[in-house]
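J.: Listed below, chain by chain, are the residues.
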Amino acid sequence: MKKILLLLVFTSMTWAENPHEHMHHSHEGHLHEELVDGKKLEVDPERFDKFIVDLKDSQIAIVNIKGMVCDFCARGIEKTFKKDTNVKKIDVDLSKGKVLIAYNIAHKIVFDDIKERILINGQNAIDMQIINL
Amino acid sequence: MAFSDNIKNSIYYHYSPSYKYSVGLENIKDNYFKDDYSYVRFTYLLDRKNTEHSQRNLYFQSGISSKGFDEFFYGIHGDWETRRFFVGFGLKETKKKIQDYSEQYYQIGVAPYLGDYGDLHTWIMMKTKKNSLENKWSTYPVLKLFKGDVLMEFGYHKKTEWDVHLMYRF
Numbered sequence: 000m001k002k003i004l005l006l007l008v009f010t011s012m013t014w015a016e017n018p019h020e021h022m023h024h025s026h027e028g029h030l031h032e033e034l035v036d037g038k039k040l041e042v043d044p045e046r047f048d049k050f051i052v053d054l055k056d057s058q059i060a061i062v063n064i065k066g067m068v069c070d071f072c073a074r075g076i077e078k079t080f081k082k083d084t085n086v087k088k089i090d091v092d093l094s095k096g097k098v099l100i101a102y103n104i105a106h107k108i109v110f111d112d113i114k115e116r117i118l119i120n121g122q123n124a125i126d127m128q129i130i131n132l
Numbered sequence: 000m001a002f003s004d005n006i007k008n009s010i011y012y013h014y015s016p017s018y019k020y021s022v023g024l025e026n027i028k029d030n031y032f033k034d035d036y037s038y039v040r041f042t043y044l045l046d047r048k049n050t051e052h053s054q055r056n057l058y059f060q061s062g063i064s065s066k067g068f069d070e071f072f073y074g075i076h077g078d079w080e081t082r083r084f085f086v087g088f089g090l091k092e093t094k095k096k097i098q099d100y101s102e103q104y105y106q107i108g109v110a111p112y113l114g115d116y117g118d119l120h121t122w123i124m125m126k127t128k129k130n131s132l133e134n135k136w137s138t139y140p141v142l143k144l145f146k147g148d149v150l151m152e153f154g155y156h157k158k159t160e161w162d163v164h165l166m167y168r169f
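Chains A and B are the protein sequences, given in the same order.
For the first sequence, position 56 (counting from the first letter as 1) is numbered 55 according to numbering that gives the first Met the number 0, and the numbering increases by one without interruption.
For the second sequence, position 33 (counting from the first letter as 1) is numbered 32 according to numbering that gives the first Met the number 0, and the numbering increases by one without interruption.
No false leads were mixed into what you were given.
Each pair of labels, with its calculated beta carbon distance range:
id, chain 1, residue 1, chain 2, residue 2, range
1, A, Leu118, B, Leu90, 20 to 30 angstroms
2, B, Val22, A, Pro44, 42 to 52 angstroms
3, A, His106, B, Ile10, 33 to 43 angstroms
The list that follows gives simulated cross-link-like pairs (lysine-lysine, DSS-like), each with its CA atoms no further than 27 angstroms apart:
id, chain 1, residue 1, chain 2, residue 2
4, B, Lys19, A, Lys114
5, B, Lys19, A, Lys82
6, B, Lys19, A, Lys81
7, B, Lys48, A, Lys95
8, A, Lys65, B, Lys19
9, A, Lys95, B, Lys19
10, B, Lys146, A, Lys88
11, B, Lys143, A, Lys65
12, A, Lys49, B, Lys146
13, B, Lys19, B, Lys146
14, A, Lys114, B, Lys48
15, A, Lys81, B, Lys146
16, A, Lys82, B, Lys146
17, A, Lys114, B, Lys146
18, A, Lys78, B, Lys19
19, A, Lys78, B, Lys146
20, A, Lys65, B, Lys146
21, B, Lys48, A, Lys78
22, A, Lys78, B, Lys143
23, A, Lys87, A, Lys107
24, B, Lys146, A, Lys95
25, A, Lys88, A, Lys114
26, B, Lys48, A, Lys65
27, A, Lys87, B, Lys146
28, A, Lys95, B, Lys143
Hints listed in this document are in silico derivations from the structure and should not be mistaken for laboratory results.
Cβ atoms here follow ideal geometry from the backbone N, Cα and C, with glycine treated the same way.
Build the full structure now, drawing on both the sequences and the hints.
T.: This is how it looks when you write it as structure tokens:
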């Protein structure tokens, strides 16, 4: 009986830990609120999951932008990055002031280059996170 | 960009080699002086302030007429906008052989909903403008719509009639 009780306690502890782990790690290509290294993911997780759904062997630059207040003004950002053959996909999140850029995995992402392209369009890139898929 | 009001109908093509300035050509059908001419235009960004939720701009604008170097205009225009609110103004002096004149406008707006990227975006605005030729203020509602690379702005006043502004981003 004692053994059964101990087994039940151990099993329930293991079950309780698993959901917590899933909140902090990437799992089968779906990222949640925090990255594996503990850093906060600065983008809507649902939007991010939708963005990466058809992407493989890619790295995603999540760029935080100031002054991106209108759709019409942000069009230039999409046009500029789409001309880059290393860019697979781009998404603009006006509500959070973020741009998601999917690059080929082999491409070296340079923040200063991204900053310059955003500035030409009239906004300011403040910081960037890179996530490898 | 195409523009039409009680003073003029115009089509303006412009190119921005840098975010700081743009150059362009504006073809004008002048409704007040019954004349056709063009302006070679230059616009320069004097100041821009980007924050997390807003952008503020101040521009200098100028143009030289195809009628000669003694016919030209200059002015400033500016705006401040968030995703929800918009405030804008413009002041312009035009020098012509027949008669010089000045124009000014002030505009405020609110977005009734906040659309996502790619959605149809709508602004409901009020605009008030005055020129020294008619020397009276016209105040009227303006509806601004944009989706993708197309922007349309419609204003209507019973005396000055339609203000229409169409823009396409290439």
